[in-house]
Amino acid sequence: MSDWEVVIGLEIHAQLATRSKIFSGSSTAYGATPNTQANLVDLAYPGVLPVLNEEALRMAVKFGLAIGAAIAPRSIFARKNYFYPDLPKGYQISQYELPVVGKGAITIMLDDGAVKTVGITRAHLEEDAGKSLHEGLANATGIDLNRAGTPLLEIVSEPDMRSAKEAVAYMKKVHTLVRYLEICDGNMQEGSFRCDANVSVRPRGAAKFGTRAEIKNLNSFRFVEKAIHYEVGRQIELIESGGAVVQETRLYDSDKNETRSMRSKEEANDYRYFPDPDLLPVEVDEKFVASVRTTLPELPDEKAARFARDFGLSAYDAGVLSASREMGEFFESVVAALGAPHAKLAANWVMGELSSALNRDSVEIAGSRVSPAALADLLKRIVDETISGKIAKDVFEAMWSEGRPADAIIEAQGLKQITDSGAIEGVIDSVIAANPKQLAEYRSGKDKLFGFFVGQVMKATGGKANPAQLNELLKVKLAGGGSS
Amino acid sequence: MLHTLSVGELARRLAAREISSVELARHFLARIERLNPSLNAVITLTADQALEAARAADRRLAAGERGRLLGIPLIHKDIFCTEGVRTSCGSRMLDNFISPYDATIVAKLKGAGTVMLGKSNMDEFAMGSSNETSYYGPVRNPWDTTKVPGGSSGGSSAASAARLAPFTTGTDTGGSIRQPAALTGVTGVKPTYGRVSRYGMIAFASSLDQAGVLARSAEDAAVVLEVMAGFDPKDSTSVDTPVPDYSAALDAPLKGLKIGILREFFDGLESRNAALIRDALEVYTAMGAETIEVSLPHLPLSVPTYYVVAPAECSSNLSRFDGVRYGYRCDQPKDLLDLYERSRGEGFGPEVKRRIMTGTYVLSAGYFDAYYLKAQKVRRLITDDFRKAFEKVDLLVGPTTPTPAFAIGAKVDDPVTMYLNDIYTIGANLAGLPGISAPCGFVDELPVGMQLIGPHFSEARLLSAAHHYQRATDWHRKTPGGYQ
Chain A
1 MSDWEVVIGL
11 EIHAQLATRS
21 KIFSGSSTAY
31 GATPNTQANL
41 VDLAYPGVLP
51 VLNEEALRMA
61 VKFGLAIGAA
71 IAPRSIFARK
81 NYFYPDLPKG
91 YQISQYELPV
101 VGKGAITIML
111 DDGAVKTVGI
121 TRAHLEEDAG
131 KSLHEGLANA
141 TGIDLNRAGT
151 PLLEIVSEPD
161 MRSAKEAVAY
171 MKKVHTLVRY
181 LEICDGNMQE
191 GSFRCDANVS
201 VRPRGAAKFG
211 TRAEIKNLNS
221 FRFVEKAIHY
231 EVGRQIELIE
241 SGGAVVQETR
251 LYDSDKNETR
261 SMRSKEEAND
271 YRYFPDPDLL
281 PVEVDEKFVA
291 SVRTTLPELP
301 DEKAARFARD
311 FGLSAYDAGV
321 LSASREMGEF
331 FESVVAALGA
341 PHAKLAANWV
351 MGELSSALNR
361 DSVEIAGSRV
371 SPAALADLLK
381 RIVDETISGK
391 IAKDVFEAMW
401 SEGRPADAII
411 EAQGLKQITD
421 SGAIEGVIDS
431 VIAANPKQLA
441 EYRSGKDKLF
451 GFFVGQVMKA
461 TGGKANPAQL
471 NELLKVKLAG
481 GGSS
Chain B
485 MLHTLSVGEL
495 ARRLAAREIS
505 SVELARHFLA
515 RIERLNPSLN
525 AVITLTADQA
535 LEAARAADRR
545 LAAGERGRLL
555 GIPLIHKDIF
565 CTEGVRTSCG
575 SRMLDNFISP
585 YDATIVAKLK
595 GAGTVMLGKS
605 NMDEFAMGSS
615 NETSYYGPVR
625 NPWDTTKVPG
635 GSSGGSSAAS
645 AARLAPFTTG
655 TDTGGSIRQP
665 AALTGVTGVK
675 PTYGRVSRYG
685 MIAFASSLDQ
695 AGVLARSAED
705 AAVVLEVMAG
715 FDPKDSTSVD
725 TPVPDYSAAL
735 DAPLKGLKIG
745 ILREFFDGLE
755 SRNAALIRDA
765 LEVYTAMGAE
775 TIEVSLPHLP
785 LSVPTYYVVA
795 PAECSSNLSR
805 FDGVRYGYRC
815 DQPKDLLDLY
825 ERSRGEGFGP
835 EVKRRIMTGT
845 YVLSAGYFDA
855 YYLKAQKVRR
865 LITDDFRKAF
875 EKVDLLVGPT
885 TPTPAFAIGA
895 KVDDPVTMYL
905 NDIYTIGANL
915 AGLPGISAPC
925 GFVDELPVGM
935 QLIGPHFSEA
945 RLLSAAHHYQ
955 RATDWHRKTP
965 GGYQ
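Residue numbers (this note's numbering), protein chains in the order written: chain A, 1 to 484; chain B, 485 to 968.
Here are the simulated BS3-like cross-link-like pairs (lysine-lysine), alpha carbons at most 30 Å apart as the crow flies:
(1) B:Lys818 <-> A:Lys216
(2) A:Lys265 <-> B:Lys858
(3) B:Lys895 <-> B:Lys858
(4) B:Lys818 <-> A:Lys265
(5) A:Lys172 <-> A:Lys103
(6) B:Lys718 <-> B:Lys594
(7) B:Lys861 <-> A:Lys103
(8) B:Lys818 <-> A:Lys80
(9) B:Lys718 <-> A:Lys131
(10) A:Lys265 <-> B:Lys837
(11) B:Lys837 <-> A:Lys80
(12) A:Lys103 <-> A:Lys226
(13) A:Lys287 <-> B:Lys718
(14) A:Lys256 <-> A:Lys131
Hints in this document: simulated from the structure, not taken from any laboratory.
Bound conformation, chain A alone (with noise of 0.2 Å):
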C-alpha cells in the first residue's frame, strides 16, 4: 500500500444576484411557472441579439478585487457550442480565452488553526442554461427556461486542495465571500452555488498530478466532502488492483453515495469556441474599476482580523464571527450595546445560545427573534450580577419564545439572584444541617462532595444563590467555620 496524496480544484458556479439575466431583460427570479420567465431572446427566436447586463459585470470585478485578482481590461465572450435542448441557441456564451477576472487567492484555515492560500485560477462571466423536466410526463421531456440565461461567475481554483476537508473549507469560504460583497445570495437549494470537482490522485511526493476525474454538478458541502471521499476511495482502489483512472466526466449520485462516469474524454464535445461576433470585447477601464471598489464592504478576513485585535477574540472566535455579514454585524451591535470590555461574553453568547437557537428553529440571524439590544440587555444582566449565566440561559429561551425583554422576565419570574450573604448563609445552614452523613464524608477528606452542597444550595433557591459568594460562604461552613 503506498501513501497516496489527493490533489483537488474546484470550479464554483455563483449565480449572480442580478435582478436581470445576463443578455436580457428578464427576470432572474427562483421558482416562477416554466417559461414565464424566458422572453424572445432567452428563447433564440430567429433575429435576436444579446446585450450585456452591465450590473453583472460590476459584480465579477467587485469579486475580482475581493480576491485581489487582475481585472482584464479587455475581455470576450465567447461561443462553446454543442446541442442540447435546454440550451436554446445551441451555444452556451461564456468567456473562454480571456475572462474579466485574473488571478488571485483566497485563504482558508484548517482544522488545526494552519492558514493555507488556495490560487484562483480565474473567474468568469456566463449564462445559465435552462432545465429539461421529467417528472410528471409520460413519454415526454419539458423543458423550462426561466433559468437560461441568468448570469453566473465561475470561479476557477488551482489544484491546491489536498483533502476533502480542504476543499470544503474553501468553498464555505467563496460562499462566505460571494454574500459579502452582496454578488450572489448562495442559496445551495435553488442552485444558486454548486461546483464541479476535478479529483485526483498520486503517490505522495511524486511530482506529477494523476488523471482525473471531473464530478459535476455538486450542491450542497456535505456532497462534496462525500463526493470526493467517495472518488478518492475508488481511484485509489483502482490504481492498486492495477487498473488505471481515465480522464472523463462523473456524477454524483447522492442517494447511493457513489459517482458514476457521465461521458469519456473521447466522447467529449468539441465545443468549437469562437469570439461571440454578436457582443463587443467587454472594455473595463480604471474608472469603472474604482467606482466598483467604492463598493467593497470589509472583506471576512479584514473583520476576523478586526475582531481578534480589538476585541482579544481567538481566531477561531473571530472566523466564526465573521463568517457571515449578518453575524458579524448582530456580533458587533451586542458589543456596541454592551462594552467592548465584555465582547468574548458577547462572542460566547452570539455563538452558543443564539447560534443553536437559530439552528434549532432554522431561523436567519437578520430575523432572530431576540434582537441585538435584547440579547446586550439580558447580558447586562450576567455583568452587574443580577443573574447567573445558568439563569441567563432560562431568560433567554423565554425571550426567545416570548419575545419579552430579559428584565421583564427576571422580575416576573422572580429571577434575580441573591446577593445578601445572610440568606445565602441561612440557606448553607439548612442543608447542612439536613444533610450529616455528607457533611461527615466531606471533612474525612472527600472533596468531590463540595459539588453535591453547592447543588442542593441551588436547588433550595431555586439557582439564584449568587455562585460566588456561595462557593465562599460554604467553603467557610464546611471547614466548620462562621455561625453554626
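Based on these hints, arrange chain B on the given structure of chain A.
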C-alpha cells in the same frame, strides 16, 4: 403611372392629397398580383394588413402629419421578422414561422408610416448569389426571365426592378444587396457595419450582415436609409453615432473628389463590363473628380477568407433551428438525436447544409488555427489595405460583379464558380465598409452595376457621388420591358 414615380414625388403627391396611400397600395398590390407569378419575387402578400396600414397613413396625412415615407409602400426581404406575418428566411425550416415581433428596421419603417405589401423571396438564410437556394423556388430576372436576379436579396431586387414597390429592403453579408442590384439595374445600398440595427434580422454571419435598401435611385435610397439607420440598444454592434441628413447631403459639390481605381477590380473582368466602368469614371472626371489608381494587395484573398468566416458564424447561428421551440419539426421523432437530425436534415436545403458543415469543420479542434484564426488575420490585413487606400482617396469605384446576370441553373452545381460572383463585393463586408451599386449600362441587354465603396460611415458621400452620377446619366431610369 404611379409605379414610375420616385419616392420623393410620391410623398409630395400624398402630402398634397392628390393621391391616397390606399390608392397607392392598391396600385402596387394589383401589379404584384399581375406580374409576380412570372417572377416569384414576392412569397408572402399581406394585402389586408397593407390596406389597413395605408388607411392609417391616410388618417395621419389627413390630420396634417407629413413624412418623407408616410404612406409609401414597400416590400421587406423575408429575412426581417415581421410581427404576425410569416418570416421564412427562404427556408422550409421557417415555412411555418409567424414572427411574434418586428425587427428594429421594420418597426422604424412602420413608425415612419410605410405600408408593407409583402415579403420578398431570397436565397435560403441569405446563402446564395442567385436566389436559386430558396425553398420557394428561384426568382426570375425581369430583364430576362431565363436569368437569375442575383442573391441573396434576389426577390427584393427583382421586385424593385419590376416596380412592384417603390423600394425594397435587403441584407448584405457578402454582396447580397449590391450584386442583385447590379444584376437587375437598381440602386442598392449596403451601409457601414453597425450603421443599421441587426435586431430582428435573422442572422447568417453576424460580423458581416448588414441591412440596407434597394431603390430606383440614390435619391430614393437616401430617404429610406435615413429612417433605417441609427443606434439600437438591442444590438450591441450598432454604433451610437448620429445619422446625417443623407438627402440634404446629396447635392454636396463633387469637384475635387478623389476616386480610387482598384487595380485588383479589373483583373478577370469581362472587357465589355470593364469598358462600362471606364465610361462611368469618365463621367466623374468630366464633373471634376480626380481618379487615382490604388491597390489592395490582399483583396484577392477575400473570397477564401469570407468562405471561412461566414460559414463558421453561420454554423453556430443556425444551431437554434433544432425543431424544439419553433419552426420545422420532423414527423414522429424516435428520440432527441432523431429529432435534431431529421428536423435539421429535412428543414435545411443543400447550400445551407454545405455551409454549416464547412463552418463546423473550420471551428473544430485541430483546424481552428489553420482556418478560422488565419482567416481572421487575413481579414485584418484586408481591412488595413482599405484603410491605407482611404488615406489617398475619398472612395473607390469599380465593378459590382464580374458578369451580368447568368442563366438560371448555370452555376447551381458549381459552388466555387457561384462563390466567385461575390469577388468584388465581399471585401467591403470583411472590412465593414459601406458600398453602393448603381446601374451604369448594359451588356447583352442586361444591366451592369458600378460599385462605390467608401470609408466607415461615409454613406452621405457615397450617396452623393451616386446621385451626381445619376443626374448625369439615365441608366437608373431604364425599366425592363413589360414592367414600364
